[in-house]
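S.K.: Take a look at the letters that make up each chain.
There are 2 protein chains.
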Amino acid sequence: MTTISAVAKAAGVSVSTVSHVLNKTRYVSPEKVKLVMDTVEAIGYIPNALARSLKLSSTGTIGLVISAISNPYFSDIICAIEAECSKRGLIVFLCDTQDDPDRELELVQHLHQRRVDGIILAPSGDPKRSLDYLIEADLPCVLVDRLSDSRFDQVGTDNVAAIRMLVDHLVTLHHKRVGIILGQPGFATTVERMNAFRAAMTENGIEVPDDLISDSNNNTADATASTHRLLELTEPPTAILASNNLTMIGAMRAIRERGLRVPEDISVLGIDDFEWADYFEPRLTLIAQPCDEIGRKAADLLIERIGNKRRPRETIRLLPLLRVRESCGEAA
Amino acid sequence: MTTISAVAKAAGVSVSTVSHVLNKTRYVSPEKVKLVMDTVEAIGYIPNALARSLKLSSTGTIGLVISAISNPYFSDIICAIEAECSKRGLIVFLCDTQDDPDRELELVQHLHQRRVDGIILAPSGDPKRSLDYLIEADLPCVLVDRLSDSRFDQVGTDNVAAIRMLVDHLVTLHHKRVGIILGQPGFATTVERMNAFRAAMTENGIEVPDDLISDSNNNTADATASTHRLLELTEPPTAILASNNLTMIGAMRAIRERGLRVPEDISVLGIDDFEWADYFEPRLTLIAQPCDEIGRKAADLLIERIGNKRRPRETIRLLPLLRVRESCGEAA
DNA sequence: CATCGAAACGTTTGCGCAATCGTTTTTTCT
DNA sequence: AGAAAAAACGATTGCGCAAACGTTTCGATG
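Taken in sequence, the protein lines are chains G and U.
Position in the first sequence counted from 1, then plus 54, gives you my numbering.
Position in the second sequence counted from 1, then plus 54, gives you my numbering.
Among the hints, a few may not be true.
With a cut-off of at most 35 Å between alpha-carbon atoms, the simulated DSBU-like pairs for lysine-lysine come out as follows [unchecked claim]:
1) U:K63 / G:K141
2) U:K78 / U:K363
3) U:K63 / G:K363
4) G:K363 / U:K182
5) U:K109 / G:K78
6) G:K141 / U:K86
7) G:K182 / U:K182
8) G:K78 / G:K63
9) G:K63 / G:K363
10) U:K86 / U:K363
11) U:K141 / G:K88
12) U:K141 / G:K109
13) U:K230 / G:K109
What the hints contain is simulated information worked out from the structure, not anything from laboratory work.
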């Protein structure tokens, strides 16, 4: 592997001249600049970013720690973050915690060893140890999606607004018995959406019996079971609200298994838009989370914090969009 | 930031003892081991992986250069690669070329500067410069999805088999006029699938007129237009084969815009399975690519190659799965 | 034509670590 | 008891780089 001193020797100049030419950190005469550049080209020199980072104690890297990268919602966020970071000359370490708090802590520590400039974290269900570590290490960090700790910058969807949009839509269509299929246990989003649901229904003068609120669901299979349970009630709901994309898949499965038609027999709506939702039946009425903006804002905030560790914390709640399609009809 | 010599000083031992304790690279007496470990804990020492990598000239990182991470197909592959690498103690730099060859080259060079141990690349439409660079730099690399260069290890779907499965299915259902909506121009997969389609049809004694083969399509909008064109033919196809997930969305859009029913008015099938395909209408008959296995194999191969740069190249074609659902019916 | 200052470049250090080379202490064997 | 071998650890170097510090050269000025 060629080094800066190999270039210096070949060009007959000092290492500092080469360094300064490459980094444009001080004036060097045009002839020497050309000489150095030609030599770099000739011997195929590629700077060693490790040595550079060691010296500068800054790596130009950030860690992206996601609780489940297979989830399309996170894919969109990852995509936006990568794009934004790339634009700023940063490069991203991608890690998947699989929602395991132990793994999460390990990954955070690992990234710290690698001296990332900062971390964007979608916290697991029990992120306390990781978060404490990040604070302790004074490592710049912004939380996305599941906002649970005011010691950090945070970016996510305004879940209260999202649920309210859905409930308003339901109310407009005269639904009074609405079942909600909740997401994973422990997640801030799950709790937020449940509470927002209760609150929004109450605001509209509708009582929510406990049996219309499912248990939390770890996966689509759980969500299917939960949906079946709601549909078996003596007085079943006229509409089902799936609180994320996984639960929606699960709910649709249950509905299909029972041979129910949407929206004729039951209305369905939920959170997390799908790209194909316009072209397949039932055409789902969904909340589209602003993934792009979440990703961009998260990267922005992180870069700000890296630049100034003592700036005040920010929590940003972005407004989602309700895409009304056809899966939620008038209540019977 | 604490260093190894700070630990040494605090513990009253030499830096080499600390290093050897941490890396278990030579015998150290149990008392000193405990002393060192306690001190590490006490002062909160975190090894600097940059310095370590600089010394060892190996980083434990790989670059994952994908042409479009927003594509769910690639999401699945990314997920599998991350999982496999994580299992092996490697960490992944994720980059998106956005199918831009210039960007692709830049990213490859950037990763080289960062001294990644190797790269997994989903090549853009015109990857020559990047590939030449990788060869020149002697950087371990495996290609995924678009296999186009025998100088590298490669892993992808057996597209010939995939198309043959679809064509066999079509033939069984007596389709003779089948239109194909092709993917992006320049991609190896696009060419492979087109040729395989021609070959498989011919094998079945079916002639394929040129007007049933769409132009290549850069995005869903293009695919929609192409589908409209096929459907406007004086003798339109009885079935549409969408050669990937993007073109499928585009094709379904066109079909919906014309008010056609699937499969009653037209049959549809294609490549790239969707998680929700079982629960929405029309239930698409699709080829499921073995994304998991592709990701795992790619990581495997890369690790092998990193271990031994002179081992023979391998090209692995993995068999996909046909999921027969209901979108492809009997020909009229 | 000395002097001074700026222009242009070179020498060297230290970032944090692994590991080579070396030293000291203890044990073993005759 | 003395020598040799083994056990346990320490001093130092070099990985490749940025930049602080130092040196040389040369033109301008009084």
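S.K.: Tell me the numbers of any earlier hints that the structure contravenes, in ascending order.
M.R.: 1, 4, 6, 7, 9, 10, 11 and 13
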